[in-house]
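Colleague: Spelled out, the chains give:
Number of protein chains: 4
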Amino acid sequence: MIIVLRAGATEGEVRQIEDTIRAKGLSAHISRGVERTIIGAIGDERKIDTASFEGLPFVDKVLRILAPFRLVSREFQKEDTVITVRGKTVGGKRLALFAGPCSVEDRGMMVGIGERVAACGATFLRGGAFKPRTSPYAFQGLGEEGLKYLAEAREATGLPVATELMDPRDLDLVARYADVIQIGARNMQNFRLLTEVGKLDKPVILKRGMSATIQEWLMSAEYIASEGNQKIILCERGIRTYEPATRNTFDVSSIPVVKSLSHLPVVADPSHAAGKVTLVEPLAAAAIAAGADGLMIEVHHQPSMALSDGPQSLKPDAFEQMVLRLRRVAEAVGRNL
Amino acid sequence: MIIVLRAGATEGEVRQIEDTIRAKGLSAHISRGVERTIIGAIGDERKIDTASFEGLPFVDKVLRILAPFRLVSREFQKEDTVITVRGKTVGGKRLALFAGPCSVEDRGMMVGIGERVAACGATFLRGGAFKPRTSPYAFQGLGEEGLKYLAEAREATGLPVATELMDPRDLDLVARYADVIQIGARNMQNFRLLTEVGKLDKPVILKRGMSATIQEWLMSAEYIASEGNQKIILCERGIRTYEPATRNTFDVSSIPVVKSLSHLPVVADPSHAAGKVTLVEPLAAAAIAAGADGLMIEVHHQPSMALSDGPQSLKPDAFEQMVLRLRRVAEAVGRNL
Amino acid sequence: MIIVLRAGATEGEVRQIEDTIRAKGLSAHISRGVERTIIGAIGDERKIDTASFEGLPFVDKVLRILAPFRLVSREFQKEDTVITVRGKTVGGKRLALFAGPCSVEDRGMMVGIGERVAACGATFLRGGAFKPRTSPYAFQGLGEEGLKYLAEAREATGLPVATELMDPRDLDLVARYADVIQIGARNMQNFRLLTEVGKLDKPVILKRGMSATIQEWLMSAEYIASEGNQKIILCERGIRTYEPATRNTFDVSSIPVVKSLSHLPVVADPSHAAGKVTLVEPLAAAAIAAGADGLMIEVHHQPSMALSDGPQSLKPDAFEQMVLRLRRVAEAVGRNL
Amino acid sequence: MIIVLRAGATEGEVRQIEDTIRAKGLSAHISRGVERTIIGAIGDERKIDTASFEGLPFVDKVLRILAPFRLVSREFQKEDTVITVRGKTVGGKRLALFAGPCSVEDRGMMVGIGERVAACGATFLRGGAFKPRTSPYAFQGLGEEGLKYLAEAREATGLPVATELMDPRDLDLVARYADVIQIGARNMQNFRLLTEVGKLDKPVILKRGMSATIQEWLMSAEYIASEGNQKIILCERGIRTYEPATRNTFDVSSIPVVKSLSHLPVVADPSHAAGKVTLVEPLAAAAIAAGADGLMIEVHHQPSMALSDGPQSLKPDAFEQMVLRLRRVAEAVGRNL
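Chains as they are written, first to last, in our numbering: chain A, 1 to 337; chain B, 1 to 337; chain C, 1 to 337; chain D, 1 to 337.
Hints in this document: simulated from the structure, not taken from any laboratory. Take these hints with a grain of salt, some might be off.
Identical copies go unnamed one by one, so any copy, or any two together, can satisfy a pair.
Unchecked claim - Lysine-lysine pairs mimicking DSSO-like chemistry, simulated, CA-CA at most 27 Å apart: (1) K259 to K93; (2) K148 to K259; (3) K24 to K61; (4) K47 to K61; (5) K78 to K61; (6) K202 to K88; (7) K88 to K61; (8) K315 to K202; (9) K47 to K315; (10) K61 to K315.
Based on the provided sequences and hints, a complete structural model is requested.
Modeller: Structure (structure tokens):
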């Protein structure tokens, strides 16, 4: 870590920083330039919070040399992580395709949509039984009943199922039914929940928080990995910006950036990013072209009657047509779909 | 709710929207202009999600007429909410002053700082026993031990204590020790946690999420209120923007905006917004001038050795001097501190 | 335009709004609901600024029904605009490929790079003679000398040349040498400059401002079109967000959004968005997959010695390899490169 | 400047960076750590663009040691700049108060409003003759006629007048009438315009760009100063964020941050930031409390009929009342108004 002091910092202030560095078990290297004094903290800088220095009135800037994450970093593991669940993979040459409705609404729809998307090439079935909703008055999901329908759809289709976990108290319940557990964007920094799924032996989809930096996203993955669970699938779903034309701004750059920093697979959720059904296909194509390892697509048989997020959902026919076109994009970049 | 269709929308598409509106129990009013068809949904529009329409390819824009929150709105209750805890108030003419360290670190420091800030006019003591930390390798708080020290500091000072709750499983534990429960910025949309604190008869500080709109913040307050707990204290702590000079951008406008939309008290946390000790006083003064009902200030006897967020903390002496100066600002806008 | 009043708005306030609407030549339609009064302004709402109402204390919300732009809208012209310059096109099935150095540095480099990129399939040559630089102490471009080298490179390669105009006083000079005139991101709302290029009979590349909404971008295009020049090429180059991993966040969604709202062609500049050479190819591929009509790529024979923006520039060999791979992506979405 | 290389950077890559540093006339200091190689560029780092290194694939991070601005920095000049125009000051203990309509609309209104605001304590009269408007179809200002009315209002009131310059071709015209020249937010990086006003001997108000960092804002001030004109007044007017409740987010923190980095005075424009008349006073009070050197307030005798930005304008009576209340806030922080 490199700490640049403000001009005019006193010897006492330099010493204060040295003391803090040493108290953390690192050594300090001081270089007094004509204009500024610069202090290097040598050793495992992950033990030091940059905030320990940034707020000091005589400190100008602090630069971390190493990434604050380790287990999920490309330096820790050179080769790409490939996760296998019931014979389906995430990571590697073949793209993963998670498809299904936003919310599980009833048994018939779940099995019906499941069979349609399976026939189109989906490799995972998705559907929410616990739904994070902005309003306390909105539909909150079917809970365990929804999980059961998901499991039935797995029986019918053979596809592994993914669903969201919102509360550590539901962990056993959700883990009993789901093959893949999703942590939603709003819970990306729910550190207690991350710690709990870190103790499981099940893949976790970690959605990027609405205003999370790529580094914070990887730190949240590190929370899961540090508990022992390395089966982490990152999911880009758009970030909050000033632009009102889309619900969120799909940060397509995060895909190659994450892949350079981490060995974990990254999938894209264009449905939530865009919030408009007409944008799903161009964003899905963009994600594949940029190197995504898979897609998560909302499909509903009657979007205008969906209990949540209907209008960003594709009908099964439209989904089928889209997959055919996306297959060509995948092949153009050396992948299969 | 007003739904503006794209030019060229068909009769079938108009009917699809009408059907959705009627299925929710509202009535639809259609007005066909020269250039666009506009549909009004008449009735309790809180039952309809704007997303039900926004994503449709033939819909151009959707406008909600009423705010999606009700219990926390100024229309529901005209007069300001005043919350009283052990004789101290939040809301009303006298400003609330929450002060204390970021983390509870040991008994001596907690009691020591508590006594100092009490002497300077603090009305509540704050300190974290459970700390949300970006890194899994950072100090996570003392847990119950920290809560005990907080309670001892309450004994010593007579001040009610406020502390953060991160996990619904800790609710009973935290509620046993704390007078005021804080929901941190990262948990502002942890809806399960909101629902749980909504069942308590204890004041809740609801920090604004790092990228939450004012409307989303009030919707999270509505979650708490809808469970029966109306003792909610909103806390502005800065939002995420592109500006790197401050840790977050303190959104001082949110104070008058919230006060016009809601009857709830709003306090400001300049320490977290700024991330720099030198900015605490100007931001605190700005918040008071803009109408805040109180402040939350980090105070630490040895900031450079703090286990978290040290350098944005004031030393007790500096805190004392600052309170004297802020008192003059409070009086200039007709308040007491 | 629809104006929703706050609860409790008086008759006098309603009348004030009616008067303003009528003074602009529109008619007012008032609907008094149980909870709110809503006023519709019927007629050419482009004559009214939403700000005329938004700031009033008794107005809650204002919704424009029609887009504020007209000439550049898809409603004004259904079919895509295709621009032809010296036999090269922008718009249509074949992708445009603008390539060249950020700054023109000397005659040899300009002709040399020009010949290399022409051989790889570039259809336009780019290079800056006037450079907008954040620092007054940085290289500001060669000015007319640079324009001359550009013209010589055009002679040598047969490719039309594009270059930036920063100042209305340089209009004649730049128009004398350039085939396509670029308006940079920082000048997207330099309305005087837009008005001047609107009077030319030459294509204009209009880069999106760093924090411009898509609507503001199209309004700036409308400025140009309203003066008579419809040969406008929009260029997405990334927007400013909180994410520090990339210089700007490449808003890939803007491509399909613009194409649905406007008949104008849209190209992408991944070099400036990313600020890192390793991100140029994934973002270029994403842009093509999302429907962009072309690319603008920085190429430099010795990036580390470039006088501006070197390290986001590709070397000619790398450019050649990239074009071969991007050609496959273009074909996968039914385009040629 | 400190350059941190990626793990595994080769000797050739290290040498490439050394060569670039030396080519700019600085010397390079290389330190090879266990995990990373770090290169320091010793000398006048303002000659090097961080982008020269940031985009290189083997570079991880680049940290500038010194601020890229010099003349406007607090290190260059310790004491606050105080600007005097016709006996009125900006900077120093007394707050400057710029007041007047957004646009000059006619002679009578300009003189009338001028006399009213002068009587309330305004120290400068403001009004736009050239207006930057998002729409080409909106009122663009009266041009020279407006400047004449401004000059007449100066005669009538004795107050110096401030008005916006948008185009270098209008420089002589505007300079003939105005005492203070304003550069609007959209032109903050119109570097040619900055260079031109830098050659004048007249104060310049430099508004912060809608998405400018504080550093970029100061760099634009440096452009003006580097041409010889040090009479620069910075003006915070809100930045673009995701929050829709206000037109822009008033960044009150920028006031103390700028005052610590620069000797230039900073004023606040709460009218444009808020876009709502009800927010003007709380934001004005916040700005004063945070240390602003003055205010810029829109006043109009009939806001609902204003040709631009009416509804954020105060009526003269409301302005008078507000000034009385703000005076108390100013006194509370040791200033006069």
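Colleague: I'd like to know which numbered hints this structure contradicts. Please list them from smallest to largest.
Modeller: 2, 7 and 8
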